[in-house]
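If you want the building blocks of each chain, they are given just below.
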Amino acid sequence: MKKALVLCASLFVVGAVRAQGVPDGTSSGQSMADTPGSEKNAANSEARIQTLEQQVSMLAEQVALLRGQLKVLADAKAPGGDAGARLVLTSAPAAVNAESAAPGNGVSSAATREAVPVLAAAQGVQSTPNQTYGGASGNARLLNPDISLIGDFIGTAGHNDVTPSRSLELHESELGVQAIIDPYARADVFISFGEQGVNVEEGYVTFTSLPAGLLLKVGKMRADFGKVNTIHNHALPFIDRPLATNNLLGGEDGIDDAGFSLSRILPAPKDWFLEATAQVFRGDSSDVFHSRERQDVSTVGHLRAYKDLSESTNLDLGISYARGHNEVGSNFITSLYGADATIRWKPLRRSIYHSFLFRTELFESLRDQLTLLDFLHSEHVFGMYSSAEYRVNRRWTVGGRFDRSGHSTNANLIDTGLSAIVTYWPSEFSQIRGQYRYGHLATSPAQNASFDNANELLFQFLFVMGAHGAHPF
Amino acid sequence: MRNAGLVTRMKIFATKGSAMSLALTLLSAMTGVPARGASKLRVVTATTDLAALAQEIGGDKVEVESVARGYQDPHFVEAKPSFLLKLRKADLLIVVGLELEIGWLPPLITQSSNPNIQVSAPGYLDASRFAKILEIPTGQVTRAEGDVHPQGNPHYWLDPDNGLRVAKGIADKFSEMRPNDGAYFAQNYSDFEKRLKQADDGWKAQMKPYEGRKVVTYHRSWPNFAEHFGLNVVGYVEPRPGIPPSPQHTVDLIGQMKRDSVRVILVEPYFDLKTPNAVARDTGGQVVVMMPSVGGEKEITDYFKLFDYDIAKLKQAFDATH
Chain C
0 MKKALVLCAS
10 LFVVGAVRAQ
20 GVPDGTSSGQ
30 SMADTPGSEK
40 NAANSEARIQ
50 TLEQQVSMLA
60 EQVALLRGQL
70 KVLADAKAPG
80 GDAGARLVLT
90 SAPAAVNAES
100 AAPGNGVSSA
110 ATREAVPVLA
120 AAQGVQSTPN
130 QTYGGASGNA
140 RLLNPDISLI
150 GDFIGTAGHN
160 DVTPSRSLEL
170 HESELGVQAI
180 IDPYARADVF
190 ISFGEQGVNV
200 EEGYVTFTSL
210 PAGLLLKVGK
220 MRADFGKVNT
230 IHNHALPFID
240 RPLATNNLLG
250 GEDGIDDAGF
260 SLSRILPAPK
270 DWFLEATAQV
280 FRGDSSDVFH
290 SRERQDVSTV
300 GHLRAYKDLS
310 ESTNLDLGIS
320 YARGHNEVGS
330 NFITSLYGAD
340 ATIRWKPLRR
350 SIYHSFLFRT
360 ELFESLRDQL
370 TLLDFLHSEH
380 VFGMYSSAEY
390 RVNRRWTVGG
400 RFDRSGHSTN
410 ANLIDTGLSA
420 IVTYWPSEFS
430 QIRGQYRYGH
440 LATSPAQNAS
450 FDNANELLFQ
460 FLFVMGAHGA
470 HPF
Chain E
0 MRNAGLVTRM
10 KIFATKGSAM
20 SLALTLLSAM
30 TGVPARGASK
40 LRVVTATTDL
50 AALAQEIGGD
60 KVEVESVARG
70 YQDPHFVEAK
80 PSFLLKLRKA
90 DLLIVVGLEL
100 EIGWLPPLIT
110 QSSNPNIQVS
120 APGYLDASRF
130 AKILEIPTGQ
140 VTRAEGDVHP
150 QGNPHYWLDP
160 DNGLRVAKGI
170 ADKFSEMRPN
180 DGAYFAQNYS
190 DFEKRLKQAD
200 DGWKAQMKPY
210 EGRKVVTYHR
220 SWPNFAEHFG
230 LNVVGYVEPR
240 PGIPPSPQHT
250 VDLIGQMKRD
260 SVRVILVEPY
270 FDLKTPNAVA
280 RDTGGQVVVM
290 MPSVGGEKEI
300 TDYFKLFDYD
310 IAKLKQAFDA
320 TH
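Each protein sequence line maps, in turn, to chains C and E.
Using numbering that gives the first Met the number 0, read the first sequence as starting at 0 and increasing by one per residue.
Using numbering that gives the first Met the number 0, read the second sequence as starting at 0 and increasing by one per residue.
No lab work stands behind these hints, which were simulated from the structure alone.
Honestly, I wouldn't trust all of these hints.
Unchecked claim - Derived pair list, reagent style EDC-like, types lysine to aspartate or glutamate, alpha-carbon separation capped at 16 Å:
#  : chain 1 : residue 1 : chain 2 : residue 2
1  : E       : 85        : C       : 307
2  : E       : 167       : E       : 190
3  : E       : 88        : E       : 62
4  : E       : 79        : C       : 315
5  : E       : 88        : C       : 270
6  : C       : 226       : C       : 315
7  : E       : 79        : C       : 270
8  : C       : 226       : C       : 194
9  : E       : 85        : C       : 270
10 : E       : 79        : C       : 252
11 : E       : 79        : C       : 307
12 : E       : 85        : C       : 274
13 : E       : 79        : C       : 310
Working from the sequences, and respecting the hints, build out all of it.
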C-alpha cells in the first residue's frame, strides 16, 4: 500500500523530469551546434539553463511537497488493498510519461508494468482508431453542436372576440442547439423567434455524472409542473394549449424560469418507476409568478410514478406543486397544485401505425390578492383538461380535448372548450394539422360575468430541419 | 464506501497538485469500472442482436438485457422511463450506433444519470466502430432521400462477419472492464468464432444455389445480409427510407419487378403487409417476413438461430417462386 504510493510519487518525478527533459535537450543541442565565437548565444543559453535550473528546483520542491502529502494520505488511510490499485489508476497519465521516458532512467519498472496494462485498456476505450470499419465519422459536424430548426406556422379562421389571434402567422421558429459539453455534462438551448421577438425558451446544462444518481439541471427551463407545461409548442398534441394553461399557468410560455433543478429516481416497488424533482427558480414566470426582491424565489416539486402494464400499455402518473410570489406584491403568494394521469397504448409490432394516448390534468390555483370586500383574500380556482389521441395509420392521427378552467384572479369566470384535431404526417419531419375549437369564454374580468361563444378553425404546418431530435414520449 | 472516501480525498488532494489535474479528469471516468469483484457485469444493449452477442462472449460472468425487442422497429422504440431502471445500474451500454437509436436513446442516457454509460464514457460501446458499414452516403446528404443515416446503414449486424467483429469488440471491452476474467472472455470468443464460422459455411452452402437472385425489400435493412449471402437487392417497397409506400412508387416497383422477374419481397415484422401483398399478387411473387433481429420470433433465441430462421424462410420462398 505504502509502496504503491511511493511508486506513484516517483512516477510524478519522472513525469516532471521528462517534461523538463525536452527543453533541456534542445538547449544542450543548440549549445553544441553553436560556434564558440557567438558569445551572445552562449550567454543566451546560459540564461536559459539558469531559468531551467530554477524550474527544476521548483519542481523538486513541489515533488517533495506532493510526497509529503501522499505520506499523510497513506498514514490516514491505513489498511486497504485496492486503494493502492486505485491510486495507480488515477495516476495513469503520469505513468505514460514514465513509460516513454523510462529507458535509462531506472524507474521502478514494477510500477509501470502494473499501471500500463490497465492504462492501455482504459485508453482503448476512447481512441481505438478503426480505419477499415465503422461508419462515416460524421466529419461534417466535427465538434459542432446538433442544430435544428422547427418552423411552426399557424392560421386561424372563424369567430373569437375574447382571445383573438392573427389570421396567419409564423407563430414560432425554434432553434435548438444541443451538445455534450464534457464528460460530465450536456447542454440544450432552445431559442424561439416569434412574432413578438426572440426568447430563450430553454437553455440549461445537465450534469449527468453526479454521485448518488442525482441529475442536476442549471439554467432556464420549463418547470417540471405536470405534463403540458414541460412540452414545447411544436411537440404539443394540439395546435394550442388547454385553457387551464392560459388561465392558470402563465399561457404559452408557462412556468419557464431561470434556476436549478435536481431530480432523482427513488426506490420503488418492483417495476414501478418513481422520480422526484425539486426546482428553485428566480420567481419570474409570465403572469403567474413575479419577483420584486431577490428572495422572492419560486419553487416547484414534482413526483412521477410510471408503470408498464404490458409491453404495449403503460400508466404515467404525477403530482406537482409550485409556489411563488405574484404580481400584487412580495407578500402575496400563488400556490399551484397539479395532478396528471396518462395512459398510453402502442403495440410494438405495429408501433408506427397505431397508438393511443389518453391524458387528463387537474390544476388548482390559490392566489393571494386584494379585494374590495376583505383586505387579503386567497382566490381558489380550479382547472382541468382531458385529451385523447389515436394514430389511425402511419400518416393520420385524430384527437379530441375537453377543457374547463376558471381565471386565476376570479373563480367565477369559467371558460369551457372543446376541440377536435386531425394531423397528417407527410414524413417524420413535417406535419399538417387542422383543429376545430369551440370555446365558451368569459368576456369581462369584472364581477358580472358574461360569456361569448367562439368557433374557430385552426391549421398548422410544422417542419423540422437539421439534427434528428428525440421522439416525444 | 471506502473507495468513495478515498475518491473524495483524492479530489481534494488533486486540486492541490497541479500535475494531478490530469488525474482528476480521469478520476470520474474510472470510478465504478474496476473492482466490483465477483459480481456480474451488468450489460444493457440497445437491441437484442447485441444482447445475443454479448451473451455469447460474457457467458455467466455477465447479465445482459436489451432495451428494444426483436420484433420492434429499432428506429421507433419509445423512451419509456422503465428503461431507466435498467440503465441506471448498468456497467456497460452497447449501442448499434450510426444514429439508429437517435430518436430514443440520447434522452434515456441523460436521464439515467449513470456516469458509466454516458456517451464516450468507459461503459459506452458503439458497436458500429467494429463493423463493416455499407451505404455511407457521399456528397450532399438531404432528407429528400428520406430518413437517411448520414453515417451509413445501421443494419450491419445481419452479416455474420460483422457479428464476429462486433463480438471481438465486445470481448475486448469485457476483458478491459474485468481483467481477471480476460481469459474466460477470450476463450468464449474463440469458441464463438469457431462455431460461427462453421455455421456460416453451412448457411453459405444453403444459399449457394440462389446466388445473384434479385429481391425487393421493404426497408433498407438487408444490404449487409445481401452482400454476405450473394443476393441482389433491386428495389424497395418504401419509396425512400422512412417514407410509407405511395401508389406511384408501388406501380413503378411492380413494373420493375415484372421486367427483372423479381419474385421475392422481404419484409420486416414491423411493417404493414398490405402493400407488399398487393405487389406480390400483381407480380406472382411471394412475401417473406424475415426477422432482422434475435427474438423476432420465439424460436430465434440466439444469433445463430437468426440466420437459421431467415435462410430457411428465404430458401422456401425462392423454391416456391421458381
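Here's how the hints hold up against the structure:
As the CA atoms of residue 85 of chain E and residue 307 of chain C are separated by approximately 14 Å, the hinted pair is consistent with the 16 Å bound. Distance restraint check for residue 167 of chain E and residue 190 of chain E: the Cα-Cα separation of roughly 12 Å lies within the 16 Å cut-off, and the hinted pair is therefore satisfied. Taking the CA atoms of residue 88 of chain E and residue 62 of chain E, the gap is near 11 Å; set against the 16 Å cutoff, the hint holds. Distance hint between residue 79 of chain E and residue 315 of chain C is fulfilled; the C-alpha atoms sit about 10 Å from each other, no more than 16 Å.
The suggested pairing of residue 88 of chain E with residue 270 of chain C holds, with an alpha-carbon distance near 14 Å, which does not exceed 16 Å. Pair hint residue 226 of chain C plus residue 315 of chain C holds up; C-alpha atoms about 10 Å apart against a cutoff of 16 Å. With a CA separation close to 12 Å, the supplied pair residue 79 of chain E and residue 270 of chain C stays within the 16 Å bound. Distance hint between residue 226 of chain C and residue 194 of chain C is unfulfilled; the C-alpha atoms sit about 26 Å from each other, more than 16 Å.
Taking the CA atoms of residue 85 of chain E and residue 270 of chain C, the gap is near 10 Å; set against the 16 Å cutoff, the hint holds. Proximity of residue 79 of chain E to residue 252 of chain C is assessed by CA-CA distance (about 26 Å); at most 16 Å being required, the pair is judged violated. The straight-line distance between the Cα atoms of residue 79 of chain E and residue 307 of chain C is roughly 9 Å, inside the 16 Å bound, and the hint therefore holds. Straight-line distance between C-alpha atoms of residue 85 of chain E and residue 274 of chain C comes to about 14 Å, which keeps the hinted pair within the 16 Å bound.
For the suggested pair residue 79 of chain E and residue 310 of chain C, the alpha carbons sit about 10 Å apart, so the restraint of at most 16 Å is met.
Hints 8, 10, counting from the list given before, are not met by this structure.
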